Amino acid sequence: MSGLPVSLALSLCLTLVLECGFFFLTGKRHKKDLLLVILVNVLTNPIVVLSYWLAAHYTLWNRNLIKVFLELFAVLTEACYYKKYGQEFRHPLWFSIAANAFSFGIGVVVQQFL
Amino acid sequence: MKKRFWILLVICLLITPVTVAYANPILVPDNDFLIEHWDYDIMYSGREYSTNGASGTVSVKKEPGSNIWIGILENGISMYINYVYDYNGTIWGLVNYPYDNDGNPDTPYKTITGWVPLDELLVIYDYISFAEEHEHEIYPYTGGYELAQSGDDTVLWTWPNSGVNKGTLHWNSLEEYEQENFRIISAYTDEQGREWGFCYGQIYVDENVWICLSDPTSTTLSTSATSIPASTSNDAPTSTENPSTGTWQPPEPADSLRKNGLSTTTVSVLFVAVLAVGAMVLIRVCWKPDKGDL
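Those protein sequences? They're chains S and A, same order as listed. Quick note: the first sequence, position 45, residue 45 per my numbering, numbers continuous. Quick note: the second sequence, position 183, residue 183 per my numbering, numbers continuous.
Hints are supplied without guarantee of correctness; some may be wrong.
[What the hints assert, rightly or not] Using C-beta positions, here's what the derived DEER-type ranges look like: (1) Val285(A) <-> Cys20(S): 18 to 24 Å; (2) Gly278(A) <-> Val109(S): 50 to 56 Å; (3) Asn62(S) <-> Thr217(A): 43 to 49 Å; (4) Ser55(A) <-> Cys20(S): 25 to 31 Å; (5) Gly21(S) <-> Ser55(A): 56 to 62 Å; (6) Val110(S) <-> Tyr87(A): 57 to 63 Å.
[Unchecked claim] Pulled from the structure, derived: some chain S residues nowhere near chain A, Cβ distances all over 10 Å: (7) Pro5; (8) Leu8; (9) Val17; (10) Phe24; (11) Asn64; (12) Tyr81; (13) Val108; (14) Val109; (15) Val110.
Keep in mind the hints are simulated off the structure, nothing from the lab. Treat the numbers as computed from the prediction; the structure is a model and nothing was measured. Built from N, CA and C at the ideal position, the CB exists for glycine as well.
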């Protein structure tokens with residue numbers, strides 16, 4: 001099995017576990033909101049991982065800048081969806097920022113052990 | 001209106017990765033295996049080899065250890081191999097061989113890119129081969145660089161007594177950083193008693209060159225018959241073919257792409273696009289906006 005599909009699958013699984021965990025940590029219990037969190041991450045995470053992979057391998061762009069741009073894309077997209085379709089997201093943008101920071105931070109730590 | 005903007009934005013973001021992949025200069029050969037292992041265990045070789053398969057040809061494989069071939073090269077074709085990979089103790093090299101429809105490498109418009117075990121290649125004798133052959137006769141250089149700095153044209157040689165020079169070094173024409181980087185790190189004394197120095201540092205002609213310290217400006221130094229082997233074996237049989245007569249056999253009519261299916265990258269892009277569109281559709285179907293447009 002080659003690297004990119006494995007990276008995509010691992011990143012998505014890890015993100016779903018962490019963001020769902022964060023969802024419960026913030027005291028939310030609404031099932032439909034949980035499904036929304038899952039679907040929104042299925043939408044954004046593979047795009048972010050694939051775009052980073054392609055940019056890192058085929059361009060000379062600064063990798064940290066690529067990360068910032070892609071994380072910004074993920075945060076804003078997710079916030080828009082939470083605002084539009086969510087039931088219990090009183091501050092969609094802050095939830096999105098915090099959830100992404102949480103999963104990104106834990107992801108960096110987990111990566112050290114892989 | 002805003003809804004259309006968001007749909008357009010998502011479509012653009014889906015297309016962007018593909019555009020990025022092909023609109024920017026690709027600095028390394030376009031090979032999935034190379035790219036996937038680039039950060040981990042790809043090693044640099046930078047040596048010239050000649051194909052030398054036991055059966056008279058060398059099969060170029062999709063990736064190290066694979067049985068899927070993407071082309072066949074006849075013995076005697078010489079090419080540079082820049083990247084190598086250790087697959088379970090066997091070293092494989094990345095072939096990036098240009099050709100045209102008739103297999104003619106002189107007017108290339110296509111490139112066959114794949115992997116071959118180095119066992120099926122012969123390394124063309126080079127400065128590394130010379131260093132290996134004369135390992136015990138090469139010693140650290142402790143002298144100065146006055147000869148190279150004299151202002152005369154110093155002749156650069158591929159290796160001592162090779163008979164092949166790589167131009168001349170004119171100290172005053174070097175950039176400041178080239179002068180600062182210039183080093184003679186080791187030396188060798190040949191059978192005629194001439195001392196040679198191995199230069200280190202990216203000077204304007206080439207790196208990894210030798211200069212004859214005893215006669216730095218001579219362009220007619222005699223060639224020692226014993227020090228110019230045509231090639232060095234990699235424990236493979238010696239080829240008797242002239243490299244210039246080697247011809248390339250194109251893959252069978254079923255083109256390599258069709259034979260091997262789509263590349264991993266293409267499949268991944270398609271998979272991610274399907275996943276993203278699927279998620280968007282599901283959200284749209286399962287939720288009716290409770291709040292107005294953003």
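Verification of the hints:
{"no.": "1", "hint": "Val285(A) <-> Cys20(S): 18 to 24 Å", "result": "holds (21 Å)"}
{"no.": "2", "hint": "Gly278(A) <-> Val109(S): 50 to 56 Å", "result": "violated (30 Å)"}
{"no.": "3", "hint": "Asn62(S) <-> Thr217(A): 43 to 49 Å", "result": "holds (47 Å)"}
{"no.": "4", "hint": "Ser55(A) <-> Cys20(S): 25 to 31 Å", "result": "violated (56 Å)"}
{"no.": "5", "hint": "Gly21(S) <-> Ser55(A): 56 to 62 Å", "result": "holds (58 Å)"}
{"no.": "6", "hint": "Val110(S) <-> Tyr87(A): 57 to 63 Å", "result": "violated (28 Å)"}
{"no.": "7", "hint": "Pro5", "result": "violated (6 Å)"}
{"no.": "8", "hint": "Leu8", "result": "violated (6 Å)"}
{"no.": "9", "hint": "Val17", "result": "holds (17 Å)"}
{"no.": "10", "hint": "Phe24", "result": "holds (21 Å)"}
{"no.": "11", "hint": "Asn64", "result": "holds (16 Å)"}
{"no.": "12", "hint": "Tyr81", "result": "violated (7 Å)"}
{"no.": "13", "hint": "Val108", "result": "holds (16 Å)"}
{"no.": "14", "hint": "Val109", "result": "holds (20 Å)"}
{"no.": "15", "hint": "Val110", "result": "holds (18 Å)"}
Hint compliance for this structure: hints 2, 4, 6, 7, 8 and 12 are broken, all remaining hints hold.
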